[in-house]
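Novice: Based on the hints, put chain B in the right spot on chain A.
Note that the protein sequences, when read in sequence, are chains A and B. Each residue of the first sequence is one higher than the one before, starting from 1 at the first, in full-length UniProt numbering. Each residue of the second sequence is one higher than the one before, starting from 1 at the first, in full-length UniProt numbering.
No incorrect hints appear here.
In this list, chains with the same sequence are indistinguishable; a pair is considered to hold if it fits within one copy or across any two.
In silico SDA-like links for lysine to any residue, alpha-carbon gap of 25 Å or less:
{"#": "1", "residue 1": "Lys113", "residue 2": "Ile98"}
{"#": "2", "residue 1": "Lys213", "residue 2": "Thr194"}
{"#": "3", "residue 1": "Lys401", "residue 2": "Arg114"}
{"#": "4", "residue 1": "Lys187", "residue 2": "Glu217"}
{"#": "5", "residue 1": "Lys113", "residue 2": "Gln91"}
Source of the hints: derived by calculation from the structure; they are not laboratory data.
2 protein chains.
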Amino acid sequence: MSLRENLIVQAKAAQISSRQLAKAGTKEKNKALNLIADKLLARKNEILEINEKDMIKGQNNGLTKALLDRLKLTEARIESMALGLREVAAQEDPIGEIPQMWKRPNGLQIGKKRVPLGVIGIIYEARPNVTVDVAGLCLKSGNSVILRGGSNAFNSNKILTKIIQSGLKAAGLAQEAVQLIETTDRKAVDILFTLNDYLDVLIPRGGAGLIQKVVNESKVPVIETGVGNCHVYVNKEADFTKAKKIVFNAKYSRPAVCNSAETLLIDQEIAADFLPEMARIFAESEVELRGCKKTRELVPKIKEATEADYEKEFLDYIMAVKIVDNYEEAVEHIYSYGTKHSEAIITENYTTALSFLDDIDAAAVYINASTRFTDGSEFGLGAETGISTQKLHARGPMGLKELTTTKYIIMGNGQIRE
Amino acid sequence: MSLRENLIVQAKAAQISSRQLAKAGTKEKNKALNLIADKLLARKNEILEINEKDMIKGQNNGLTKALLDRLKLTEARIESMALGLREVAAQEDPIGEIPQMWKRPNGLQIGKKRVPLGVIGIIYEARPNVTVDVAGLCLKSGNSVILRGGSNAFNSNKILTKIIQSGLKAAGLAQEAVQLIETTDRKAVDILFTLNDYLDVLIPRGGAGLIQKVVNESKVPVIETGVGNCHVYVNKEADFTKAKKIVFNAKYSRPAVCNSAETLLIDQEIAADFLPEMARIFAESEVELRGCKKTRELVPKIKEATEADYEKEFLDYIMAVKIVDNYEEAVEHIYSYGTKHSEAIITENYTTALSFLDDIDAAAVYINASTRFTDGSEFGLGAETGISTQKLHARGPMGLKELTTTKYIIMGNGQIRE
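Same shape as in the complex, but just chain A (with noise of 0.2 Å):
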């Protein structure tokens, strides 16, 4: 068989036990979820000894730190995604809720049903533990799901895929509801990307490059996940003491997040009492901050910004800075510049303030506290597959209730339609 006719099986396969998963009942499907934690803890040994290949070949393969890190499992990382699953069994299930019902003049009653969308596809990068974070809430949202892994997780992620089956099994449910591409072969994501008569959404979970080439080339149905240039606002009228804390919590807490700040913009008439301050507690922790012009003149020793350096995400300990003359360029840089996912004023003043809410167009519009928040768990929505910074369907975090649909079911006894 060509890879495509095997892409073409396993997403036949997905598309009939999606069938089978809409249908299963809550406890059937927390069943499955907490069979598969238990399962997850007691294979961890052996999930540990597969991962160290990955591992190995990923050093050979002269992997970043960084990126080894990600990849790496440990009995912690096994036990958080265990917990995580027990987690979203403990969910609410969004399936069959019916909001809504009303009746028409002609006696038809008509409600709105929560139904799963069906078969989803997930392309994520060398994070095993997205493999079993994704699995469980596309089964608790009762969606088949079909995974591609990034390649240096590969073996990682078979041996996850196979425990999740066999969770799955023991539940009595269709073990195709979840299945890894079993290839590295790069040609596998283009014809994902064909099979819209199987899969009703692609989730990309990556990096820049990974989110335009799906965004560019599915004709499934996408949501745009991820990159963050985001941007924290200090206003003239702005609380120092709260915005010392919330600038630095939004670059320097986790800079490889896309909810982290990129760059700091300051109103001219308070850049001079603010600036020079900021700069030290950044300089303490060693992050680099790259400035305009004004910025330079105020703390020389600061490098100078690139048009680049305010369009980047750097996902590092890097910050861009640049003095604004008022609210109004700053709502323009952020407008040019960011990428519509989490933006922050700093502000008392009351009128500025929900005028921010209001001029910026973006997934979370924060006043006085750090971007950092932007996350399904911290908004108390539970475990999340991404953050939405598209405009269609989902926004934001994407929970649950995000990989589910609606459909009208309607009631009559007999009506016509005059």
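Specialist: Chain B only, in chain A's frame:
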């Protein structure tokens, strides 16, 4: 300027005006809608004259009677467009709604706020009334719109767009919020597909060919609309009186629209009792039936149905008929041939009826009612921009709310993430 450059100029203007429109108040938007309605009525004769030109060109180009009928504007149709705008003005404004706001343990207040999508592209065929209907819905939901109408309606669309723009201007809103692509060059559509930096969504309204082209080629996210291969399934426990009325209505009341039924499925057990009478009713109204072998054994004068007949959206006074062994076969037939639009069962059996709601994956699933009700107004949702047959973002009739998205707003007082 090249066509591409021209379109980018239009798209940029749409984007700028969408930012203004997003902040426009309900009063301003309603004022514009009512002013446009007034102007349509005031300039009725001018519109009719220009439409007459399109009609003459259409006749010369050999358009079918059905297409000419869609193209034609009359006094009554202009009045109905104006009335439609006033109805949209009377509908609730979805923008700005914050249905929920919750407080996290750290004191963050998080809410989801309804906001416009931004810039919407609509590609449609030769019905000039779509120009006005769609512009009204986009305006009320705070979106800019770029219209690409059918070339046969080019002059009619141009005058209608001009009138809409003069209404926008008179209400103090940007005229570029509603723009028509002012060329009939087919390349314009291919260029639109690539403008994902400016357009937030593309909605094709038209035949299966157009929709497939958009889905396959567009980099802009698409909402698929309209193709409806709908079924009515007469279960063995159907009330025949209801069944006959509903089957006839689902086919005959308006065969050229997507929610009309194309195939009649009948349980084997009741076929001999039900079919001959049903066939007689259809024959009286000159509806052509095309049936399976068993159908033709019962009513020999019915033509033979080919495989293609079960796949087709006839959009005509033609209906395919299939006698099925049982409920399961009916569900499988719908699963294999349906387009996930509207599907109906006729049955008095409680368990069968509720199973059908679960087993059928479609935008609208009916018990004992005609599929012809799948429509924004009939559902009580107001005017619609089309009926989505995809699962992402919107499913079923798309009203004002489906032309919006949400953003998270987060109000803090200095919170940072640990």
